[in-house]
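Chains as they are written, first to last, in the working numbering: chain B, 1 to 319; chain D, 1 to 319.
Don't read these hints as lab results, they were simulated from the structure.
Check before you lean on any hint, since a few could be wrong.
Treat identical chains as interchangeable: a pair holds within one or across any two.
Stated by the list, open to error - In silico DSS-like cross-links for lysine-lysine, where the CA-CA straight-line distance does not exceed 27 angstroms:
#1 Lys15 to Lys2
#2 Lys15 to Lys161
#3 Lys84 to Lys239
#4 Lys30 to Lys15
#5 Lys84 to Lys15
#6 Lys84 to Lys188
#7 Lys234 to Lys126
2 protein chains.
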Amino acid sequence: MKLQFLGTSAGVPTKQRNVTGLALSESEGKGWYLIDCGEATQHQLLHTHLTLNTLKAIFITHVHGDHSYGLPGILASAAMNGRKNPLTIVAPAAIQQWLAATVLHTQLYLPYELEFIDADTLPDVKFEQLTVSTTALSHRVPCYGYSFQEIAASTNLNIVKLQQDGIPRGPLWGQIKQGLDVEVNGVKVSAQHYLQQGHPPQKIVVAGDNDSPQLLAETCRDGSVLVHEATYTKAIADKVGSGPMHSYAAQIAAFAESINIPHLVLTHFSSRYQDNGPTTVMEIYDEAKTQYHGQLYLARDFAEFQLQRNGDFAEVIAE
Amino acid sequence: MKLQFLGTSAGVPTKQRNVTGLALSESEGKGWYLIDCGEATQHQLLHTHLTLNTLKAIFITHVHGDHSYGLPGILASAAMNGRKNPLTIVAPAAIQQWLAATVLHTQLYLPYELEFIDADTLPDVKFEQLTVSTTALSHRVPCYGYSFQEIAASTNLNIVKLQQDGIPRGPLWGQIKQGLDVEVNGVKVSAQHYLQQGHPPQKIVVAGDNDSPQLLAETCRDGSVLVHEATYTKAIADKVGSGPMHSYAAQIAAFAESINIPHLVLTHFSSRYQDNGPTTVMEIYDEAKTQYHGQLYLARDFAEFQLQRNGDFAEVIAE
Numbered sequence: 001m002k003l004q005f006l007g008t009s010a011g012v013p014t015k016q017r018n019v020t021g022l023a024l025s026e027s028e029g030k031g032w033y034l035i036d037c038g039e040a041t042q043h044q045l046l047h048t049h050l051t052l053n054t055l056k057a058i059f060i061t062h063v064h065g066d067h068s069y070g071l072p073g074i075l076a077s078a079a080m081n082g083r084k085n086p087l088t089i090v091a092p093a094a095i096q097q098w099l100a101a102t103v104l105h106t107q108l109y110l111p112y113e114l115e116f117i118d119a120d121t122l123p124d125v126k127f128e129q130l131t132v133s134t135t136a137l138s139h140r141v142p143c144y145g146y147s148f149q150e151i152a153a154s155t156n157l158n159i160v161k162l163q164q165d166g167i168p169r170g171p172l173w174g175q176i177k178q179g180l181d182v183e184v185n186g187v188k189v190s191a192q193h194y195l196q197q198g199h200p201p202q203k204i205v206v207a208g209d210n211d212s213p214q215l216l217a218e219t220c221r222d223g224s225v226l227v228h229e230a231t232y233t234k235a236i237a238d239k240v241g242s243g244p245m246h247s248y249a250a251q252i253a254a255f256a257e258s259i260n261i262p263h264l265v266l267t268h269f270s271s272r273y274q275d276n277g278p279t280t281v282m283e284i285y286d287e288a289k290t291q292y293h294g295q296l297y298l299a300r301d302f303a304e305f306q307l308q309r310n311g312d313f314a315e316v317i318a319e
Numbered sequence: 001m002k003l004q005f006l007g008t009s010a011g012v013p014t015k016q017r018n019v020t021g022l023a024l025s026e027s028e029g030k031g032w033y034l035i036d037c038g039e040a041t042q043h044q045l046l047h048t049h050l051t052l053n054t055l056k057a058i059f060i061t062h063v064h065g066d067h068s069y070g071l072p073g074i075l076a077s078a079a080m081n082g083r084k085n086p087l088t089i090v091a092p093a094a095i096q097q098w099l100a101a102t103v104l105h106t107q108l109y110l111p112y113e114l115e116f117i118d119a120d121t122l123p124d125v126k127f128e129q130l131t132v133s134t135t136a137l138s139h140r141v142p143c144y145g146y147s148f149q150e151i152a153a154s155t156n157l158n159i160v161k162l163q164q165d166g167i168p169r170g171p172l173w174g175q176i177k178q179g180l181d182v183e184v185n186g187v188k189v190s191a192q193h194y195l196q197q198g199h200p201p202q203k204i205v206v207a208g209d210n211d212s213p214q215l216l217a218e219t220c221r222d223g224s225v226l227v228h229e230a231t232y233t234k235a236i237a238d239k240v241g242s243g244p245m246h247s248y249a250a251q252i253a254a255f256a257e258s259i260n261i262p263h264l265v266l267t268h269f270s271s272r273y274q275d276n277g278p279t280t281v282m283e284i285y286d287e288a289k290t291q292y293h294g295q296l297y298l299a300r301d302f303a304e305f306q307l308q309r310n311g312d313f314a315e316v317i318a319e
């Protein structure tokens with residue numbers, strides 16, 4: 001799977017960072033998923049290789065505008081780009097109501113179907129290559145995390161062994177690949193002897209705004225990557241108070257350390273952290289680093305990360 | 001008055017042009033008005049000198065998303081920037097309903113008042129320096145043009161004459177400036193003798209989407225500048241058919257010629273015209289030029305134009 005950040009700023013856009021949006025691409029083919037859709041997410045897409053015709057579903061973590069106000073425009077542009085395929089939207093029910101009001105009042109015509117799935121029911125949603133499960137988080141409004149798990153480990157034939165044992169290539173190999181025991185020259189042969197397990201299915205957990213990381217403990221089990229907000233450092237979080245219900249760097253980092261998740265990507269930075277200002281996101285990095293000893297990353301707009309089937313995870317550096 | 005284009009593309013954003021938005025600044029002070037607010041208008045503002053605290057009013061020409069989907073985000077960001085002053089919104093009633101639904105479903109909190117004025121009633125709206133009048137246009141949905149007229153010609157004291165005639169500087173001059181006759185040494189003195197008329201008030205007409213330019217004939221009388229869409233050239237308009245209800249270059253140019261308006265700025269170009277593609281906006285310019293002999297301009301994102309009090313109009317070239 002691949003991640004590309006489309007917006008990494010909390011609340012308001014800055015010159016360097018848009019409000020929240022994240023693209024998750026499938027390992028095979030061109031299908032991708034959008035998690036959150038702040039205003040101008042469609043504008044960000046113009047600078048990537050992602051197209052609105054290969055978008056399979058949109059997941060919205062919560063109703064706040066910096067996570068959702070790009071929805072009407074992206075749906076309208078998909079229509080103008082000629083999209084005909086249904087589009088799945090997994091979101092709080094209020095988003096469905098808001099889009100219905102938008103269609104009505106702004107005379108938005110969509111020549112494709114929207115298939116809504118109510119995130120408030122904590123659904124598991126199955127796609128060809130992925131199952132997405134939903135976790136309730138803690139924020140000022142109902143808010144969710146989505147975990148993207150590859151559907152099956154790939155199972156491979158041990159071809160060397162098949163050849164050594166003289167199992168003839170052809171239909172028998174196909175049956176063994178499906179896990180079926182076969183007969184060769186009247187002798188029963190166990191499929192399991194000739195199957196080698198691929199890597200275990202990988203999982204990426206993408207959280208919405210959340211002041212209680214421990215709510216993700218269960219869903220992060222066997223996860224390779226956690227993408228979570230770190231809106232502030234602790235000093236600023238203390239100054240701002242608990243009203244906004246966000247996480248700070250040390251808090252989410254300590255949680256990630258406690259569950260031993262190997263890769264943590266922080267995002268959703270307060271606009272007070274400017275890349276070339278007196279207060280930079282490196283303060284968030286430095287604070288998180290004191291608590292977490294796995295691989296730590298700060299998201300930037302357009303940064304791409306690849307999670308290999310073997311669990312390797314790294315930033316894709318554009319050539 | 002000053003114009004700065006924030007978006008000049010029709011329907012969808014491109015890498016070079018955002019969807020519609022136009023800032024009109026008052027001649028004196030920092031007050032400004034926003035005409036249309038396509039998605040990411042607030043993002044465009046980050047690259048200008050305009051601030052959300054000095055925004056006096058937003059005018060929406062019609063409900064289509066490429067003219068309105070930036071509204072929720074710009075209102076939310078104004079709130080987060082600490083705006084407390086009421087904000088006037090002149091728009092079709094459906095926009096008021098859509099924003100009410102947006103406030104409800106996305107839990108948008110605005111710590112300032114919105115003062116809605118229903119464009120469907122064709123209001124005249126008075127501000128300190130300007131009166132804005134509304135004209136109904138012809139499009140697929142109710143659509144309006146807004147004309148911004150300076151409130152009064154500036155009237156100046158003829159100081160040379162006052163001094164020649166020995167009228168003592170002080171309160172008397174103030175009364176004369178207000179057009180009041182005064183007595184000097186028992187002699188009645190007419191204020192009109194000492195007032196010299198400034199330039200006539202300037203007018204800029206900004207139209208929404210419209211397939212019938214002649215609807216603007218009356219409001220363009222005494223206008224200095226007309227800003228109007230030219231979505232296509234005639235060849236493309238013929239191919240597309242009359243369904244979209246837009247103007248083409250020769251059509252709006254011929255209208256501008258017929259009413260003798262001295263300055264015409266074309267905008268809202270179909271995304272098929274790319275600045276560095278095989279089909280460029282220069283086709284629109286060339287077609288318009290055959291019909292119009294005034295000063296013709298094509299809008300670009302961030303282009304600024306100044307209309308002087310004497311009617312001079314020119315692009316402001318950044319140093």
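Numbers of the earlier hints that this structure fails to satisfy, in rising order: Numbers 2, 6 and 7, in rising order.
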